[in-house]
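Student: Here is how the chains run, residue by residue.
4 protein chains.
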Amino acid sequence: MSIVEFTPNREQYAYTFGGVAPVMHIKPGSVLRLWSEDAFNHALTSVDDLSSEKVDLRYVNPQTGPFYVEGAEQGDTLAIHIVELTPARTWGASATIPFFGGLTGTDRTVNLQDALPDTTWIYEVDMDRNTVGFQARFGDFEVELPMAPMLGTVGVAPPGGEVRSSLVPERFGGNMDTPEMRAGTTVFLGVNQEGALFSLGDGHYRQGEGEACGTAVEGAMNSTIIVELIKGHAPAWPRLENDECWMAVGSSRPMEDSWRIAQVEMVRWYQELFDLHQMDSYQLLSQTAEVPVANVVDANYSIVVKTQKALVPDVDAFGGIHSELRNRARQMK
Amino acid sequence: MSIVEFTPNREQYAYTFGGVAPVMHIKPGSVLRLWSEDAFNHALTSVDDLSSEKVDLRYVNPQTGPFYVEGAEQGDTLAIHIVELTPARTWGASATIPFFGGLTGTDRTVNLQDALPDTTWIYEVDMDRNTVGFQARFGDFEVELPMAPMLGTVGVAPPGGEVRSSLVPERFGGNMDTPEMRAGTTVFLGVNQEGALFSLGDGHYRQGEGEACGTAVEGAMNSTIIVELIKGHAPAWPRLENDECWMAVGSSRPMEDSWRIAQVEMVRWYQELFDLHQMDSYQLLSQTAEVPVANVVDANYSIVVKTQKALVPDVDAFGGIHSELRNRARQMK
Amino acid sequence: MSIVEFTPNREQYAYTFGGVAPVMHIKPGSVLRLWSEDAFNHALTSVDDLSSEKVDLRYVNPQTGPFYVEGAEQGDTLAIHIVELTPARTWGASATIPFFGGLTGTDRTVNLQDALPDTTWIYEVDMDRNTVGFQARFGDFEVELPMAPMLGTVGVAPPGGEVRSSLVPERFGGNMDTPEMRAGTTVFLGVNQEGALFSLGDGHYRQGEGEACGTAVEGAMNSTIIVELIKGHAPAWPRLENDECWMAVGSSRPMEDSWRIAQVEMVRWYQELFDLHQMDSYQLLSQTAEVPVANVVDANYSIVVKTQKALVPDVDAFGGIHSELRNRARQMK
Amino acid sequence: MSIVEFTPNREQYAYTFGGVAPVMHIKPGSVLRLWSEDAFNHALTSVDDLSSEKVDLRYVNPQTGPFYVEGAEQGDTLAIHIVELTPARTWGASATIPFFGGLTGTDRTVNLQDALPDTTWIYEVDMDRNTVGFQARFGDFEVELPMAPMLGTVGVAPPGGEVRSSLVPERFGGNMDTPEMRAGTTVFLGVNQEGALFSLGDGHYRQGEGEACGTAVEGAMNSTIIVELIKGHAPAWPRLENDECWMAVGSSRPMEDSWRIAQVEMVRWYQELFDLHQMDSYQLLSQTAEVPVANVVDANYSIVVKTQKALVPDVDAFGGIHSELRNRARQMK
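Heads up: the protein sequence lines correspond to chains A, B, C and D, in order. Mapped onto our numbering, the consecutive letters of the first sequence carry residue numbers 27 to 359. Mapped onto our numbering, the consecutive letters of the second sequence carry residue numbers 27 to 359. Mapped onto our numbering, the consecutive letters of the third sequence carry residue numbers 27 to 359. Mapped onto our numbering, the consecutive letters of the fourth sequence carry residue numbers 27 to 359.
So that you can see chain A by itself, here it is in the shape it has in the complex (with noise of 0.2 Å):
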């Protein structure tokens, strides 16, 4: 098996979904070793670095991609499984950015109140704890957290045309923001444009689910996936498959949307699943969905909807490929 190794240089980058030209063009099966640079683009590397001062907004959650997938057509389902994550270095950054996040005004839910004070902290990364370290800016407080590493942020090329800002979560994936894309996952996407156009970045040592300050403890990454394409069956929203659960992701404002998406993603996945009238699905999944809230602070809130496995009939979902990815992964160990 050969491995496809990329790691862009600056000039590379990507700042959007759809309007980039490929960086290289992939095999369905290709296994890729991609290392990406952290969303702050390494602005923030000590705790004097102020966001305000440092932080370009304009270039902001650089992508490693886009990659072009061969035979990849529009109604085409991507799926690419999250083999491995790694922290890339031994630090990473989070702050929060004035008038950015979801405990203050925003450009959206504009106020006329001061921003709250620019603020940066640095966690340091040990690889044997396998931990982040929490140190407190206005007072002594430390604590460990367990390092839990995921993407912000994988998407393919927009429909119609579009272009979005890779901050953006939408139909096509784009800045999710959630803790379930961690190693282990598969997450399948619809192909809007030839070639799916897919790219990640936005790594994550940690993150709390809501993403509440607006930036996670934000490192580079080193993302180990297999990329698999399935012909037709593309989902309206990114669906996501791990061992233990399926999920759906919807992202929209206000965030009843989100959720109503994801729920209505999620009543559809159940009917293919277990050839279910709408109302039975809806019903069903009603007393049996888990909804962990991923982002309220990007360009649209992204909501999951969540369903473990144990609870209902073992069937296979788009032909069982998350199993054959798992097996796949697990041989590269």
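Hint data in this document are derived by calculation from the structure and do not stem from the laboratory. Treat the hints with caution; some may be incorrect.
You can't tell identical chains apart in this list, so a pair holds if it fits in one copy or across any two.
As the list claims (entries may be wrong) - Listed below are the simulated SDA-like cross-link pairs for lysine to any residue, each with C-alpha atoms no more than 20 Å apart in a straight line:
(1) LYS335 x PRO205
(2) LYS335 x PHE167
(3) LYS359 x ASN268
(4) LYS335 x GLU170
(5) LYS335 x ASP140
(6) LYS359 x PRO34
(7) LYS53 x GLN100
(8) LYS335 x PHE300
Fair warning: this is a prediction, and the values are worked out from it, not measured in the lab.
Fit chains B, C and D to the known structure of chain A by using the hints.
Tutor: For chains B, C and D alone, kept in the frame of chain A given last:
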């Protein structure tokens, strides 16, 4: 230890928080064994009972209570510990009430489309296997789901002389519809009126997060609770604690406001628990929060913000009262 | 024609819709001359009075009433025609109450930012010129604005035994804060409880649409109204009529739901007025509606959907009662 | 004065803001006479044409443009004055596209209900009487409505390299769908890319505020405009001016965010126009704003905040350019 047992008769059901004379005065520290009717007021007993014909929406979510807690004054904190929840019937019911629920137009998100089919599901309870049985209404699909008893509704009289329907979740608790309201949980509610005047009801044998179709597996419930009073320290919004987690519940519209409320309540709690500056609390919570949606179907939407105690230093909330109540609960068994 | 005059004393002020004994029984057809206190309960009388120090938020929007209308039963329609609104003081007050208003965080859209400066403005009334005078608090700018008296609050007792704060706009009317509630307007409210139990207050000498800062030019008001009762025909949400327009008011959250409510209420009204199919009514209203925002600062946001009578065929609403009331009003002058 | 006339052929239609090569370079000060196709791309020409069969949603709102304005750079302000709008056909069309519009579930506010009936209305234009004729599709009702031509869509290329569908209203203008975009109005848009790259289309012969059913009386339009360039001074969001009013347009979700955006943009504008402190500007606008809803049906909802010049001191905005353009427009007639 004396235990107060109470089963209301039909004339004693309360349909509001506030505005109702107490059924009983109790002392802080009392143990109560309460029976509550199901949310449909026993109107749906077979799949042939249609909610549009049988359910009177003026008389749903019948409450057991209110109870007057001696010594409770405005600004105090009522702590209700749920010792045990046991189904009081051998079946539960769920229904898609026309223009009620999350994936249909409602009286608020009103539209001109036809209603979804008015459908009733009956779930058989198997106490030995500890399950409820889902049976499709439009096909042969069946599946047993784990029993997971919870209370949809726990609340006190509202502030400012308001009286609210038992369908409403708000500052005063009420119809929060979170699966976290289960045995082993202590809920902390700010007291607004003399005597607190708490009531409970809306037992669910099982509910998915969000309660998407508008109703859970609704059933009459036997609840054993311990009621304690803390002088002062009223939280702004309901707080919950179990052995693993601290939680806050926000209930408003749109859903991002529910989230903001719960998130800020938890930021404040972190500040108290760990003596943190607001900004450090915001940061730490951003990286540690879990955010399960509770309901997206009631008069207000409810969101839980939750933190695992294992992630942070070992401290006591509300003077360690949850541990004490857990001990008392264990001794009862 | 007998006229009922009523000026409440402080002990008679009502702070809720519902939950208060009537101050008086009146017969349908009565003319009332009512005095109402300002929304701040007379707490702000100079620019040095700060709302955070002087205003007790439990006692704002004091209502004059409630009045028990003889013969009014659930399902009836109360028609209140506003004959005349006259400032009862020579000055009005406005203020930016901390964490209250549209361009600041609130108890719902809560954030961690500092409050805006707590500021009070006093507007001098010039009855000859029919103006109120704006004077900048942070500079020398002055401008006279036309007087435009309106009532922020007109409502009946809520359904289902609820009691709501006089800050709330809802199905039952209440704190809708629309400049359309001025002399010459008839408001139609569905009756929920015997006697209807209507009250009014929150006089504004002038208010912009949206009431952005949270308060209008608040002032004590003399209101002359005629109260009529229509048996049956209760609208689902408040409807308004003046000589030029028909209107419906929706009050909920998020604001698109307020709009949906008012729009559907108006679709229904078009169907009744012109004997239209729902789809034709929807289409015709889509091309003829005016949609002025009323408030974006109260417990619910209020939106008015309005249609110019001149655009559509000449028909009578509610049996032509608005014209009759206008005639009676003219004869009074 | 030379006038640039331009009628695109089908291959020249643009369906996005950004991402399209300019059809023409023009100099600041140019007068343009532009023809634009209707929003349905001429797919609905009789009531028997159903939108679900005839309308291709990838090709709606065809834009005339984009035009490259010489000398326009990021941070500049494009001023487009609408001299005249004249229907280019003798009929307009409207339709209730399935799952599109304000009183139905959509792809965002998604539900499980059946779609509303897919219905098309054709409005005959009477140029002599200056009216469009509504004819009920489910009955005999007819009414003539005044012609009120406007442009649904005027926009420039977005910032950050984004490309957005011509269905989207945003910071860059776009599909704002406000009746204020009529002859006599000047719209000010911040320039994001070299050449500004503005386009227009989506002519409406008439539209109610909110555009409730999702479509106006859609028609091909002849637009005469004057295009000017102001160096610097880019507003954050679109501003409009006519002889009577200043206006700002906010476009986001939920609708209260659209309102906050427009309100803050207008607070800023008041500060500039009258040299006011932020708090005084907030207060003065709160008592003088008019707030007509523009659309509640597009990818973002749009709200206009508007102020009558007659209420406030006489000052010039953007150096008085609106008056100059009005003069030039008058001289053309």
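Student: At most 20 Å between alpha carbons: which applies to LYS359 and ASN268, within, between, both or neither?
Tutor: within (18 Å within a copy, 39 Å between copies)
Student: Taking 20 Å as the upper bound on the Cα-Cα distance, should LYS335 and PHE300 be classified as within, between, both, or neither?
Tutor: within (12 Å within a copy, 38 Å between copies)
Student: Can you tell me if LYS335 and ASP140 fall within 20 Å by alpha carbon in one copy, between copies, both or neither?
Tutor: neither (47 Å within a copy, 30 Å between copies)
Student: Measure nothing new, just compare the shortest in-copy and cross-copy C-alpha distances for LYS335 and GLU170 to 20 Å and report within, between, both or neither.
Tutor: between (32 Å within a copy, 13 Å between copies)
Student: Could you figure out if LYS335 and PHE167 sit no more than 20 Å apart (CA to CA) within one copy, between two copies, both or neither?
Tutor: between (40 Å within a copy, 16 Å between copies)
Student: Can you tell me if LYS335 and PRO205 fall within 20 Å by alpha carbon in one copy, between copies, both or neither?
Tutor: both (19 Å within a copy, 19 Å between copies)
Student: For LYS53 vs GLN100, is the C-alpha pair at or below 20 Å within one copy, between two copies, both, or neither?
Tutor: within (17 Å within a copy, 40 Å between copies)
Student: Checking an output row: LYS359 and PRO34, CA cutoff 20 Å. Within, between, both or neither?
Tutor: neither (25 Å within a copy, 59 Å between copies)
Consistency note: the structure conflicts with the earlier hints numbered 5 and 6.
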